[in-house]
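Participant: Each chain, written out:
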Amino acid sequence: MALKSSPVLFGLLARLSRRSFSTSKALASKPVTVRDALNQAIDEEMERDDKVFVLGEEVAQYDGAYKVTRGLWKKYGDKRVIDTPITEIGFAGIAVGAAFAGLRPICEFMTFNFSMQAIDHIINSAAKTFYMSAGAVPVPVVFRGPNGAAAGVAAQHSQCFGAWYGHCPGLKVLMPYSSEDAKGLLKAAIRDNDPVVFLEDEILYGMPFPMSDEALAPDFVLPIGKAKIERPGNHITVVCAGKATDTALQAANELSGKGIECEVINLRSIRPMDFDTIAQSVAKTHHLITVEQGWPQSGIGAEICARVMESPTFFELDAPAWRVSGADVPMPYARALEALALPRAADVVAAAAAVIGNKIAEAAN
Amino acid sequence: MSKLIPSAAKLLSGTSITKAAGPVATTSNAKYSTKSESTFEIKPYKLHKLDKGPAQSATLTAEDALKLYEKLATLRRIETASGNLYKEKIIRGFCHLYSGQEAVAVGMRAAMREVDSVITAYRCHGWTHLMGVSLVGVLSELTGRRTGCSRGKGGSMHLYGRNFYGGNGIVGAQVPLGAGLAFAHKYRGDGGVTFALYGDGAANQGQLFEAYNMAKLWDLPCVFVCENNGYGMGTSVDRASASSDYYSRGDYIPGIWVDGMDVIATREATRFAIDYCTSGKGPLVMEMETYRYSGHSMSDPGTSYRTRDEVQEVRQTRDPITSFKEKILSNELVTPDQLKEIDTQVRKEVDEATKVSKSEPEVGVEELAGDIYYSSLEPQIRGVTPAAPLRHVEVVARK
Ligand SMILES: Cc1ncc(C[n+]2csc(CCOP(=O)(O)OP(=O)(O)O)c2C)c(N)n1
Ligand SMILES: [Mg+2]
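Going down the list, the sequences are from chains W and S.
Numbering (the UniProt record's numbering) for the first sequence: 1 to 365.
Numbering (the UniProt record's numbering) for the second sequence: 1 to 399.
Calculated directly from the structure, the hints in this document are not laboratory data.
Fair warning: there could be bad hints in the mix.
Coverage of chain W stretches by chain S, computed from C-beta distances (three or more under 8 Å per stretch; other residues unrestricted) [to be verified]:
id: 1; region: 59-72
id: 2; region: 76-86
id: 3; region: 107-121
id: 4; region: 154-165
id: 5; region: 331-341
Derived lysine-lysine pairs resembling DSSO-like cross-links, with alpha carbons at most 27 Å apart [to be verified]:
id: 6; chain 1: W; residue 1: K67; chain 2: S; residue 2: K87
id: 7; chain 1: S; residue 1: K348; chain 2: S; residue 2: K67
id: 8; chain 1: W; residue 1: K67; chain 2: S; residue 2: K89
A quick note: this is a predicted structure, and the numbers were derived from the prediction, not measured.
We treat Cβ as the ideally placed atom computed from N, Cα and C, and that holds for glycine.
Here chain W stands alone, though its shape is the one from the complex (with noise of 0.2 Å):
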């Protein structure tokens, strides 16, 4: 069977010269935590424009049940900082009401897995809202709060919501991974015009980044919708986006020593979603895996890898595609089922394995 390594070019060798790689220097002034950063951020926020205010349960008082708004209610008090009852689609409504009227909320859901209980003011009132009125009325809101998996907490708390809320036109949705990350886009995100679903890991929270004096600095903003090339590499295109990246770092490392390397492309943004990157990474290595925490079907890399098939970027493949995601079941709480139930960093060295061997036992036939 024939290779498809030469490709149908389709422009795609023009547009290689956009090209950008990793937007920080390694001048690392210091390490920062992503908590922090996001802390950072909202601080700069407030700062910079007093319609901003945060709510949501325990961000005042208790500093926020993850610590991210700590400090803010004793600089910015009662007006600015707002600790809401239990009641998620009560403060949702309220948030996306007051962005109706100009204000930019920063809604705080203690994690997302509780945002079900206010997505339909998400997607009915928030997403949908510009585009019913006409334009009349702009939804400057921003959901945030940790997704995804964290440990030992079982089916109800440990979920991933990236591919949910990907679906929803109206909506942006962002999973950072660094810290860089986090505080560039958490600013892009509360100057946005839209409604933005900000997905955060609480397993990264802790963990400290490298950021550069750029990247401190107040004026640092990163663009929505635009991924980030995290590590470059020739062999073979994984893409992921939030803690999946940590994971796919760690492979991409292991694979190095195989002698097989990885372009790590970190999306940023789950919606709109950077494909060029994607293709034009693919044009290069000629093969595709996605990392993702959520579950398969019709996830992240399941769109990743329509829009592939719906491209050019489909000659360019050397093998299938595959998705590395996390396992068709509610999350066990039982620490070997859980482990088994997402992805680990041997399951994308496998995976890439398995892609990049495919080829060879192909071209041997």
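Go by the hints and put chain S with the ligands onto chain W.
Facilitator: Just chain S with the ligands now, kept in the frame of chain W:
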């Protein structure tokens, strides 16, 4: 405690209960014998849209007293063990202790019948045990082992048993589910009543009010039980609730405020509630005022939003176990030795169950895809990659 135990009573070591033949005296100066029963006054209930509330006094036999004490002690001990297992990192994730609130569950359970059903939130270890799950079943679910009542798949927030529907992690969600259980009691005509428990924080969720409305419209035999322990995580009731008279928040549903630290009060109130609901009058709201000693979950030190003194004061003046112990001892319904014996027994049983909960293995990894569906239409379940399919297994026997 020691000041409450008459020193003479200590001499009674080894004596068994002497049954009083005559009518029961509520006060007695018979220091050297115990009585067969005693009557206790109950702190006045507060009523909402009710002419008559539960009995203001209740009689306990010595046997009742010992049983209630044993349950209270067991629930406290389960939580001590859970707290330790968490500190040893054997319990992972969240772990919400019930210490301080035992009288609510124990009193309620004492009044409940076999046919009645219960649903609650994540503070469910004690309830699960009271509903018939063994200590090993509870503790090894917390440690995620195969002997757990959910085979280790549910963890501390998702325990289930006969007529006990969890163990729910989503604040407030259990309340309409409870109304649904009550709907089924009525539909089947089995005479059962459902107790749907929720916290003062959960009390503000909108879905409660939707459930209230339908329960009242359709006269469902549902008792909405608000366990007001003063806080929802780090937020005190007055910072979360525009009205903290939770017993009246069903508006058109009658309600009762109950001293949730008094196991006799919670038992009597529950008896009343069962009578009320089974007479076809529809739902009832019960607010049980209680207190949680530990932080919200094990990771919350529980000291930033309240003072240590506050916790200490409740422990000293309102503790559900200590206060019950004082009552039954000072009424000479039981002897200190009997209680000590129970303490020893309970400690031993919980310690043994704890050991099992640490030594049992987890279920095999094939159960990752076990019982996702009652009847899975696909034999294969996708794993993390296309090359790692799982097989759907039916672990629990299907009917
Ligand atoms: C819908 C939802 N929102 C938020 C949470 C996080 N959360 C878990 S328990 C809790 C506090 C609940 O307080 P309360 O109802 O008073 O019950 P208590 O913990 O005091 O027993 C919160 C906010 C959740 N589990 N579900
Ligand atoms: Mg509470």
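Participant: Hints first: check each against the structure and report whether it holds.
Facilitator: Now the hints, each set against the structure:
Three residues within the 8 Å Cβ limit are the bar, and the region 59-72 of chain W against chain S gives 3, so the coverage statement holds. Under the rule that three or more residues need a Cβ within less than 8 Å of chain S, the assignment of the region 76-86 of chain W holds, with 3 such residues. Note: the region 107-121 of chain W has 4 residues with beta-carbon separation from chain S under 8 Å; the three-residue rule is met and the coverage holds. Residues of the region 154-165 of chain W lying with their CB closer than 8 Å to a CB of chain S number 4, which satisfies the three-residue condition for coverage.
Proximity of the region 331-341 of chain W to chain S, defined as three or more residues with a beta carbon under 8 Å from a beta carbon of that chain, is established by the 8 residues found. Taking the CA atoms of K67 (chain W) and K87 (chain S), the gap is about 22 Å. The hint holds against a cut of 27 Å. Of the pairs offered as hints, the one joining K348 (chain S) and K67 (chain S) holds, with about 17 Å between alpha carbons and a cut-off of 27 Å not exceeded. Between K67 (chain W) and K89 (chain S), the direct Cα distance comes to roughly 22 Å. Compliance with the 27 Å bound is thereby established for this hinted pair.
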